[in-house]
Structure formats: C-alpha cells, structure tokens
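Protein chains: 2
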Amino acid sequence: MRLKALLVSGVTLMAASVGSAAYAQQAALMPLPAAMSAGTGQLLVDGGFTVALAGPADPHLTVAAHTLIQRLSAKTGQFLAGAPVAKGATLTLTVTGVSAAVPAPQEDEAYTLTVTPKGASITAATSVGINRGIATFAQLVTNGPQGWAVPAVTIHDQPRFPWRGLLLDVSRHFMPIASVERTIDLMQAVKLNVLHWHLADNQGFRVESKVFPKLHQLGSDGDFYTQDQVRQVIRYAADRGIRVVPEFDMPGHTTAWLVGYPELASAPGPYTIERHWGVFDPALDPTRDSTYQFLDRLVSEMTALFPDPYFHIGGDEVNGEQWKASPAVQAYMKAHGLKDTAALQALFTTRVQAIVARHGKHAIGWDEIMDGDMPKDVVVQSWRDTESLKKAALAGHAGILSAPYYLDLSWPAGRHYAADPMPENLPAGLEGLILGGEACAWSERLSPENLDIRLWPRAAVVAEKLWSPKDMTADIPAMYARLDSVADDLAFAGSRHRAANEAMLARVAGPAGVGAVWSLAQAVEPLKDYNRSTQRPDAVQSTPLNRLVDAIPAESAVAREFGLAVDRLIAQPGDTAARTQVRSLLERWQTAETLLAPYRQATPLLAELAGPAAKLTRLAEAGLAAADAVATGKPLADRAAAKKALAEAVEPGAELEFAILPAVTRLVKAAP
Amino acid sequence: MRLKALLVSGVTLMAASVGSAAYAQQAALMPLPAAMSAGTGQLLVDGGFTVALAGPADPHLTVAAHTLIQRLSAKTGQFLAGAPVAKGATLTLTVTGVSAAVPAPQEDEAYTLTVTPKGASITAATSVGINRGIATFAQLVTNGPQGWAVPAVTIHDQPRFPWRGLLLDVSRHFMPIASVERTIDLMQAVKLNVLHWHLADNQGFRVESKVFPKLHQLGSDGDFYTQDQVRQVIRYAADRGIRVVPEFDMPGHTTAWLVGYPELASAPGPYTIERHWGVFDPALDPTRDSTYQFLDRLVSEMTALFPDPYFHIGGDEVNGEQWKASPAVQAYMKAHGLKDTAALQALFTTRVQAIVARHGKHAIGWDEIMDGDMPKDVVVQSWRDTESLKKAALAGHAGILSAPYYLDLSWPAGRHYAADPMPENLPAGLEGLILGGEACAWSERLSPENLDIRLWPRAAVVAEKLWSPKDMTADIPAMYARLDSVADDLAFAGSRHRAANEAMLARVAGPAGVGAVWSLAQAVEPLKDYNRSTQRPDAVQSTPLNRLVDAIPAESAVAREFGLAVDRLIAQPGDTAARTQVRSLLERWQTAETLLAPYRQATPLLAELAGPAAKLTRLAEAGLAAADAVATGKPLADRAAAKKALAEAVEPGAELEFAILPAVTRLVKAAP
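Read top to bottom, the protein sequences are chains A and B.
Numbering of the first sequence is given in UniProt numbering, commencing with residue 1 and proceeding in unit increments.
Numbering of the second sequence is given in UniProt numbering, commencing with residue 1 and proceeding in unit increments.
Worth flagging that the hints you see were computed from the coordinates, not collected in a lab.
Check before you lean on any hint, since a few could be wrong.
Claimed, not checked - Result set (BS3-like, lysine-lysine): computed pairs, CA atoms no more than 30 Å apart in a straight line:
#1 Lys-644(B) - Lys-634(B)
#2 Lys-334(B) - Lys-376(B)
#3 Lys-87(B) - Lys-214(A)
#4 Lys-214(A) - Lys-376(A)
#5 Lys-644(B) - Lys-87(A)
#6 Lys-376(A) - Lys-334(A)
Construct the complete structure from the given sequences, taking the supplied hints into account.
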C-alpha cells in the first residue's frame with residue numbers, strides 16, 4: 001500500500017508520514033497473541049540462522065522447519081541453510097508428541113515462543129502448534145539498525161476458536177493447484193486452520209470421481225483435480241497444520257452433476273454446465289431411492305478420499321421449482337404428508353446425513369439444513385446472519401459463522417473485523433457450540449489472477465478475529481495500524497495481491513500508460529455486497545475479469561488515509577498539515593478526467609472509465625472548494641455545484657464506487 | 001518501466017509522452033520477423049477465440065496450442081477455451097510433419113503467419129516452427145478501440161542463426177525447477193532455442209548422479225535436480241521447441257566434484273564446496289587413467305540422460321597451479337614432452353572429447369579448448385571475444401558467441417545489441433561455421449529472486465540479434481522504442497522482472513517506505529562488467545543479494561529518457577518541454593538526500609545508501625544549475641562546485657553507478 005499512498009500525495013510528505021507509521025508497526029503481528037511479554041535486547045536473524053528439532057521425529061515438523069526457513073529467506077533476502085542442525089541452533093522447535101497424518105478438529109494448537117538475544121525456542125504439543133509458533137516468529141522478524149532481528153519476547157498463545165476457516169470456491173471459477181497451495185501457505189501465515197474446499201456447484205464439478213466419472217468429465221470443462229492432486233493438497237495442508245473439508249453442495253447447486261447424470265434431477269435433461277450466476281431450478285430428486293444409492297456410492301468414494309471427519313453437504317438456496325413442477329414429486333410429497341418443498345428438502349438432508357454418518361463423518365450444512373429435524377451432530381454454517389448460529393446452538397447444533405466474512409463482497413477490513421462469531425445473549429453453557437468461523441471466497445468475480453487481491457490482507461483480519469482473545473480484537477484503528485505491515489509480510493510469504501494489482505492496472509491502462517488510470521484507481525473501490533450483480537446482471541462465467549474493478553483492492557488505503565485527514569481538518573480547520581494532505585490528494589484526483597481524455601476511445605477497458613474519471617474530477621473540485629472553505633472559514637461559493645457533484649458521484653459506473661465520497665461529503669457538509 | 005517513469009517525473013507530462021510512445025509501439029515485435037506485409041483490418045481476439053490443429057497429430061503441437069491459449073489468457077485477461085476445436089477456429093496451426101521427441105540442432109524453424117479479419121493461420125514443418133509462430137502471434141495481440149485484436153498481416157519468418165541460446169548458471173546459486181521452467185517459457189516467447197544448463201562448477205554439482213552419487217550428495221548442499229526432474233525439464237523445453245545442452249565444466253571449475261571424489265584431483269584432499277567467486281586451483285588430474293575411467297562412466301550416464309547431440313565440457317579458466325605443484329604431474333609432463341600446463345590441458349581435452357564422441361555426442365568447449373589440436377567437430381563457445389570465433393572458424397570449428405552477451409554484467413541493452421555474432425572479415429564460405437550465440441546468466445550475483453530482473457527484457461535483445469536479418473538489427477534507438485512493450489509482454493508471459501524489482505525495493509526501503517529510495521533507485525544502475533567484484537571482493541555464495549544494487553534493473557529507463565531530454569535541450573536551448581522534463585527529473589533526484597536522512601541508521605540496507613543519496617543530491621544540483629545555464633545562456637555560476645559533484649559522483653558506493661552521470665556531465669560541459 002505504501003507505494004500507492006506515495007504516488008498519490010507528495011513524495012516528501014508521504015514518505016515521512018507513512019514511513020514513520022510503518023516503522024512503529026513494523027513488527028506487526030496478526031493475529032495478536034493471547035499473551036506476550038517483552039524481554040530485553042534482540043536476537044539477530046543473519047545468514048547464520050539455523051533451526052534444530054527436538055522431541056520425537058515427525059515429518060510434519062521437518063516441513064515446518066523448512067517452511068520457516070523458506071519464509072525467512074524470502075522476507076530477509078538472505079540465503080539460509082535449509083537443513084535442521086543437531087546443536088547450537090538459533091531457534092529450537094520442540095514437540096512432545098507426533099502429529100497425526102492430518103490435523104484433528106480439536107487439535108491442541110497452543111505454543112510457547114521464547115526469544116532471548118542468545119536464542120529462541122518454540123514448544124508445542126505437536127507440529128500443529130509449532131506451525132502457529134513459526135507464523136508468529138516470521139512476523140516478528142524485522143530489519144533494524146543491526147540488521148534482521150527478533151525482539152526478545154515471551155509469548156504464550158492459543159486460539160480463541162478451534163475452527164478458523166477459509167472457503168475457496170473453485171466451482172464458479174476454477175483455481176489451479178498452484179493457487180490452492182499458495183492459499184494454504186498464506187493461511188498458515190495467519191493461523192487459519194481449515195480449508196473449506198467448495199468443489200462442486202452449478203458451474204463445475206471439480207474433483208475426479210472414479211465411481212461416476214461423468215461428474216468431472218462432463219461437468220468441469222476439463223478443469224478438475226485428479227484424486228492424486230487432492231491427496232497432494234491434503235498432505236500439503238496437513239504439513240502446515242491445516243485441515244481440508246470438502247463440500248459437495250446438494251440438492252441444489254448441482255447442475256454440473258446433471259450434465260453427466262441427468263437422471264438424478266427431478267426434471268428431464270439434457271443439462272449443460274450453468275454459465276450464469278444466481279439460484280437455479282435444477283436439484284437432485286429427493287423422492288427416488290436411486291438418488292440415495294448414487295449419493296451413497298459418491299459419499300463413500302469422497303469420504304475415503306478426504307480424511308477429515310467433517311463432510312460438507314451444502315443445502316443452501318434450493319428454490320424447489322423443479323420439485324413443484326414434477327407430478328411425481330408432488331405425488332410423493334402428498335403421500336408422505338410433506339407440506340412444502342422445505343419439508344421435502346429436510347427429508348433429503350436427513351437421509352444424506354445418515355449416509356454421511358454411515359461413512360463415519362459428521363455432516364455440515366448451510367443455515368437451511370436446520371429446517372428439518374437434524375441429529376445433533378450436524379454442524380450449521382451460517383451464511384445468512386449471526387442469529388441463525390444462536391438458533392442452531394439453542395437446538396443443540398455446533399455452528400460456524402460465515403455471514404459477515406464474505407471476502408468477495410468487497411467490504412472494508414474493519415467491517416469484517418467488527419463482527420464477532422459469538423452470538424449476543426447466547427445462554428451460558430452454549431459457547432462451546434460456537435466452533436468459530438470461515439472467511440469465504442465465492443468466485444463469481446474471482447479468477448486465479450485476482451484471487452489474492454480479494455483474499456489478502458483482509459482474510460488476516462478475519463483470522464485475528466477467530467484466533468485472538470475477544471478483548472484484543474475490539475480496536476479497529478489499531479487493527480488498521482498493523483494491516484499494512486501484515487500485507488508486506490504476506491507478499492513475502494507469496495501473496496500476489498500487490499503484484500497482481502499492478503500487472504492488472506497495467507493491462508487496463510494499456511496504451512495510456514498506468515499513470516492515466518492511477519489516480520482514478522485509488523479513489524474507487526468495487527461495488528459492495530451484491531451490487532455488482534445488480535449493475536451487470538448479464539455477467540457469466542466467461543465474462544473477462546480484466547477491468548479496473550477486478551484489478552483494485554476491495555479497500556483503498558489512500559482513501560482511508562484521506563478520510564482521516566479530512567476528519568482532522570474538520571476538527572481543526574487550522575491544521576495546515578491536514579489541509580495540505582487533503583488538498584494534495586484532491587488535486588491529484590482532479591486530474592483524472594484530463595489524464596484519461598486522450599484515451600477514451602483507445603480500448604474498451606479505458607472507454608468505460610471516462611464517466612467515472614469525469615465524475616471524480618467534479619468530486620475533487622467540490623472537495624477542494626469545501627476544504628478551502630473549511631480551512632478559511634469563508635463560505636463555500638457554489639454549494640449547488642458541490643451538491644450536484646456529490647449526487648452524481650453516487651453512481652460512477654463501471655461497477656465502481658467512490659471510496660472518497662463519504663469524506664468529501666463530510667467536507668462539503670462541514671463547509672460554512 | 002512505465003510506472004517508474006511516471007513516478008519520477010510529473011504525472012501529466014509522462015503519462016502523455018510515455019503513453020503515446022507506448023501506443024505507437026504497442027504491437028512491438030521482438031525478434032523482428034524476416035518478412036512482414038500488412039493487410040487490411042484486424043482479427044478480433046475475444047472470449048470466443050479458439051485454436052484448431054491440422055496435419056499429423058503431435059503431442060508437442062497440442063502443448064503449443066495450449067501454450068498460446070495460456071499466454072493470450074494471461075495477456076488479455078479473458079477466459080479462453082483451452083481445448084483445440086475441430087472446425088471454425090479463429091487460428092489454425094498446420095504442420096506437415098511430426099516433431100521429434102526433442103528438437104534437432106538444425107531444426108526447420110520457419111513459419112508462415114497469415115492474419116485476416118476472418119481468421120489466422122500458422123503453418124510450419126513441425127511444432128518447432130509453430131512455436132516460433134505463436135510467439136509472434138502473441139506479441140501481435142493488442143488492445144484497441146474494438147478490444148483485443150491482431151492486425152491483418154502476412155509474415156514469412158525464419159531465423160538468421162540456428163543456435164540461439166541462454167546459459168543458466170545453476171551452480172553458483174541454485175535455481176529451482178520453477179525458475180528453470182519459467183525461463184524456458186520466456187525463451188519461447190522471444191524464440192531462443194537452446195537452454196545451456198551450466199550444471200556443475202566449483203560452487204555446486206547440481207544434478208543427481210546414480211553412478212557417482214557423492215557428486216550431488218556432497219557437492220550440492222542438497223540443492224540438485226533429480227534425474228526425473230531433468231527429464232521433466234527436457235520434456236518441458238522440447239514441447240516449446242527448445243533444446244537442453246548440459247555443461248559439466250572440467251578440468252577446472254570442479255571443486256564441488258572433489259568433495260565426494262578427492263582422488264580425481266592433482267592435490268590431496270579433503271575438499272569442501274567452494275564458497276568464494278573467482279578462479280581456483282583445484283582441477284581434475286589429467287595424468288591418471290583413473291580420471292578418464294571416471295569420466296567415461298559419468299559421461300556415459302549424463303549423455304544418456306541428456307538427449308541433445310551436443311555435450312559441453314567447459315574447459316575454461318584452468319590456472320594449472322595444482323599441476324605445477326604436483327611432482328607426479330610434472331614427471332608425467334616431462335615424460336610426454338608437454339611444455340606447459342596448457343599443453344597438458346590440451347591432452348586432457350583431447351581424451352575427454354574422444355570419450356564424448358564415443359558416447360555419440362559432439363563436444364563443446366570454451367575458447368581455451370582450441371589450444372590443443374582438436375577434431376573439427378568440436379564446437380567453440382567464445383567468452384573472451386569475437387576474434388576467437390574467427391580463429392576457430394579458420395581452424396574449421398563451428399562457433400557460438402557469448403562474449404558480448406553476458407547479461408550478469410549489467411550492460412545496457414544497446415551494448416549487447418551492437419554486437420554481431422558474425423566476425424568481421426571472415427573469409428567467404430566460413431559463415432556457416434558461426435552457429436549463433438548465447439546470452440549468459442552467470443549467477444555469482446543472481447538468485448531465484450532477482451534472476452528475471454537480470455534476464456528480462458535484455459535477453460530479448462540478444463534473441464533478436466540472433467534471429468532477425470542483420471540489416472534489421474542495426475538501429476539501436478528503434479530497438480529501444482520497442483523494448484518497453486516487449487517487457488510488458490514478457491511480464492504477462494510470466495517474467496517477474498517488475499514484480500521482483502518492486503518487492504525487493506520494498507524490502508530495501510523497509511521502515512522508510514519505498515518512496516524514500518525510489519528517486520535514488522531510478523538514478524543508479526549496478527556497477528558494470530566485473531567492477532562489483534572489485535568493489536566487494538569478499539562477497540561469497542551466502543552473501544545476501546537483497547541490496548539496492550540487487551533489486552534494480554541493469555539499465556534505468558528513466559535515466560535513458562533523461563539523457564535524451566538533455567541532448568534535446570543542449571541541441572535546442574529554447575526547447576522548453578525538454579527543459580521542463582530535465583528540470584523535473586533533476587528536482588526529484590535532488591530530494592534523495594532529504595528523503596533518506598531520517599532513516600540513515602534505520603537498517604544496514606538503508607545505511608549504505610546515505611552516501612549515494614548525498615552524492616545524487618549534489619549531482620542533481622549541479623545538473624539543475626547547468627540546465628538553467630544552457631537554457632538561459634547565462635554562465636554557470638559555480639563551475640567548481642559542479643565539477644566537484646561530477647567527480648564525486650564517479651564512485652557513489654554501494655556497488656552502484658550513476659546512470660545519469662554522463663548526461664549531467666554533458667550538461668555541465670555545454671553550460672556557458
């Protein structure tokens with residue numbers, strides 16, 4: 001973010017202000033550890049840094065040591081020896097037990113990290129806790145006057161919630177193995193511990209089935225994971241203390257299944273892979289025994305492939321249209337006294353849950369599965385609201401919160417951070433049923449190219465909410481003060497959020513050169529919530545994700561800084577530094593229209609930005625006039641023009657919104 | 001480069017000037033095709049773009065089609081269907097024959113590319129020529145008013161030289177498979193066709209030997225390629241029409257061999273892997289039959305692993321010290337009438353060449369192997385000068401030029417481009433002995449992190465020199481006019497030259513924020529030739545490559561633009577645009593000292609930049625005074641200060657040089 005902040009405002013000003021903030025925060029931790037006490041001095045992490053292993057031998061532990069060495073090499077740019085040493089190591093990793101092949105849902109993740117000027121140690125029950133400790137250690141390494149070092153410190157740390165997940169939707173847009181493994185690396189870096197792999201939906205069935213090969217052969221456009229690749233990913237995740245929970249969403253969200261097996265549906269085929277976004281009619285037929293025989297064999301195959309004790313069966317967004325339209329289904333419902341399609345779905349869920357249980361797994365489902373009378377061991381994942389978790393807990397179900405953690409909806413980090421997984425007023429004794437939460441990356445508008453731009457660093461904020469003690473996660477400005485450094489760290493851990501942003505902006509700019517779109521790019525954010533779908537309902541799976549809206553972060557750091565400067569100016573009209581910063585940014589934004597003007601016909605990617613650029617220029621002009629009025633106390637000359645600019649800025653177009661609009665609105669309101 | 005250009009000068013100014021240049025050059029081709037004629041209209045490359053294959057089925061051809069789809073997807077940000085279609089394709093790839101498992105040294109690489117508004121076709125003898133054609137096609141795709149498109153065109157193209165290589169030194173610093181494969185991708189994009197894999201040297205033996213396992217076990221620090229990985233790389237390269245020629249440098253440059261097999265040397269061991277850079281004494285003992293028995297078995301193993309008919313045996317930089325110090329060797333030389341160690345090396349080379357020939361391969365060696373009486377089929381690779389290629393040709397040897405193409409010496413692209421592989425005054429009839437050339441990436445100061453910064457885009461300039469007709473590669477400014485767009489294209493083909501530059505600058509800047517080093521970074525370049533070794537002779541294999549000098553490109557595009565503007569100003573003192581551009585850049589550079597001042601003790605990476613920053617500020621001040629003097633015709637007020645600044649700027653320190661020094665010197669000289 002620093003580079004961009006720098007670009008927009010004056011170099012001298014920003015290098016000083018952003019620089020100092022970064023310096024103070026440079027050892028920023030996220031998630032914050034549960035307990036930390038500072039020691040004296042620091043441990044150098046120079047080219048002689050080595051790791052030793054203690055306790056019973058465990059291949060997972062060896063990988064953890066290697067992961068840390070790799071991460072420190074990448075962060076510091078030093079060539080560090082990869083192999084653990086027998087004695088005299090800088091850092092010793094000690095376990096008391098050997099970890100299982102894959103982590104368990106109630107794994108002991110606690111660790112103790114001690115750093116003195118003479119050496120460091122991380123101790124934990126198994127390699128899983130070591131993985132959490134090395135994530136902390138890597139974040140603690142910073143560059144100072146003596147070079148790379150870790151401050152002396154003692155940390156006793158463990159998670160608040162045992163279930164800290166990230167849902168990766170690989171159905172709507174396929175993500176190759178490299179993207180999945182990189183995501184696992186970054187999850188490890190922020191102590192997330194469950195990869196929820198959303199493998200099948202209307203737009204693609206993404207895992208090889210040897211039992212029903214037409215599932216992936218006809219349902220994936222060739223973009224699927226082989227079972228060997230699945231095993232590789234599970235191993236890769238387990239080495240990093242991360243579980244892999246597969247989801248096969250049913251009975252809705254199954255169009256891709258029906259291309260190969262139309263007989264599973266309640267309406268005759270043929271079916272083709274769904275290319276649109278939304279909720280669709282096709283659904284598995286819950287009235288036929290053959291459906292359950294099919295599912296039994298599929299669940300048998302997939303529960304053998306995925307070792308985690310949890311198995312996600314989806315269950316969301318069934319509109320019941322196929323069932324209502326089918327005389328056979330209607331007759332069945334009548335015969336069985338099912339009053340509506342929700343009741344029919346409940347029956348389906350009950351039977352599928354029984355299949356899952358028979359194969360030795362606990363079922364998880366989205367909110368809607370509570371509609372039936374489910375066995376208590378079914379876990380509810382809430383995508384609608386926190387209240388449904390409370391409702392689930394009252395009914396005896398464990399729950400996982402996702403509703404406020406949808407990363408694809410382009411919320412600011414602070415909005416995710418404000419949401420706590422623990423429902424308010426939950427009766428005492430039920431807290432243990434709240435397992436945690438999951439950040440979600442639904443991929444209607446995510447591609448392998450911009451995935452990291454949407455995930456990072458915001459997923460780290462959700463990770464902290466799920467790991468750190470509740471009272472440590474209440475201060476949103478304090479979180480933001482660490483976020484830039486965390487983003488730096490994630491980039492060195494492999495995240496492409498900045499590199500992709502810059503490369504994609506270069507593509508958008510094309511013949512204009514990136515300077516022509518840079519100032520616009522920093523003033524805007526993608527439309528929030530589902531407003532992109534509303535503005536562009538015709539988007540389909542093949543719609544390119546190469547526009548400005550796809551290239552920019554969900555949250556503009558420059559706009560956030562601008563808002564803070566505006567508030568300082570309004571509070572203290574004589575604050576000349578604030579006025580200078582506000583004016584400097586607005587003057588840059590004022591150039592948006594002029595910069596783009598020569599290129600408005602150059603390419604379609606630029607053509608759609610002419611409108612937003614013009615509106616930004618008007619908005620900046622209004623802001624400049626208002627800032628001067630606020631600072632000088634002289635009345636705003638043309639309030640009507642300012643109001644018009646504000647009104648027009650509400651809808652810039654190109655699926656964008658002006659991130660600076662609230663601050664400019666405050667300025668105009670504050671102007672005398 | 002555009003982003004950086006933008007940063008240094010005023011946004012409006014540069015966005016316009018760089019932008020227009022980029023627009024004119026946006027379909028920049030490199031290498032230029034041998035013959036090209038423009039048609040009318042253009043072919044759209046939208047989301048419906050498809051490829052069809054014609055001619056005999058060939059897996060290499062299928063990969064070529066997939067490579068093109070991947071590259072176009074990455075470049076345009078569109079989701080393109082990967083599988084070839086049966087009919088109605090946008091582009092048809094037609095071959096008349098099936099390619100061999102690996103390309104041959106005299107492969108037919110010619111292709112014809114025809115583009116009309118209705119469709120495109122590439123025809124070639126085999127998939128090798130198709131690979132060249134798709135590289136051209138991908139470069140031709142640009143974004144215009146109607147979206148992504150290729151202009152209608154007919155191209156008949158073939159290479160000037162059959163041997164267009166890139167030497168990758170993986171011994172001094174190991175490069176993982178991902179780096180090697182990415183390098184192959186980028187070679188394909190600029191039509192390079194030989195990966196010269198420098199696998200063994202004093203600092204590491206990097207390939208698994210099943211016959212002599214201590215070679216890689218004790219000689220590589222664990223950083224080696226398994227034979228399976230080698231086969232994978234050869235296959236990957238062959239799919240892209242690229243040969244893989246291995247080098248096992250001997251009898252010198254073999255310290256890493258001797259760690260496991262000290263008995264091969266002429267002095268008793270034990271040996272350890274060499275950590276320093278330079279020329280060292282250890283060498284294989286040419287006087288013992290056991291040496292040749294060892295080499296026979298090793299060459300047998302390695303010639304079976306590497307299918308290419310050429311096998312590189314090195315032969316460079318043998319200082320003969322071990323031989324001179326060994327009574328046994330001295331006695332042998334006397335007995336055999338060998339007057340010096342060069343004669344002894346010639347004997348060694350003759351015997352090794354015979355071994356290589358017995359295993360069915362042609363030997364290649366560096367200049368020095370000509371010292372003996374070599375069979376004619378030995379190929380000479382010249383690292384010393386072009387003259388030695390002429391000497392080799394006169395002696396009947398084929399030759400490959402590398403001397404002017406060392407990418408690790410940080411020369412500007414134009415200096416590489418000025419060198420032609422064909423020696424001057426070569427007697428007629430010998431031209432066919434000049435096979436081509438190889439760009440070299442020796443890795444004393446290259447790591448996996450900054451590899452692409454050193455290779456790209458400058459390797460593309462060498463590629464053009466080797467591919468395009470001689471009269472097309474004489475115009476250096478015209479080359480530079482295309483280079484920025486080529487660099488854009490290479491980034492979308494996977495090159496990390498920009499992403500790595502930015503990430504590494506962020507690391508250097510650390511707490512200061514990248515703005516504090518940005519203006520300095522654009523004024524400097526790494527020391528050229530071997531001056532880095534001279535300035536820092538203590539650098540070893542583990543010396544971090546994380547400093548500013550490691551992060552910056554070999555050539556500053558901004559400095560080059562500055563030089564052109566300075567020349568315009570000197571030629572036309574009334575050119576106010578030139579004066580503005582010159583002043584704007586110098587004013588930015590003038591801030592270097594102030595920006596860094598608060599951080600001069602912050603980290604060692606920043607501390608070493610305080611001196612260069614102070615000198616840059618003085619240099620910029622001198623430049624500003626001189627520019628004003630030139631523009632106004634008024635005398636330079638303090639010529640002594642200006643001269644002092646110029647003198648001090650000759651050695652900025654931190655292994656840097658001021659790329660802007662020649663232009664500022666011209667300004668001061670031109671000032672009245």
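Exercise. Okay, which hints does this one fail, numbers in order?
Worked result: Violated hints (numbers, rising): 4 and 5; every other hint is consistent with the structure.
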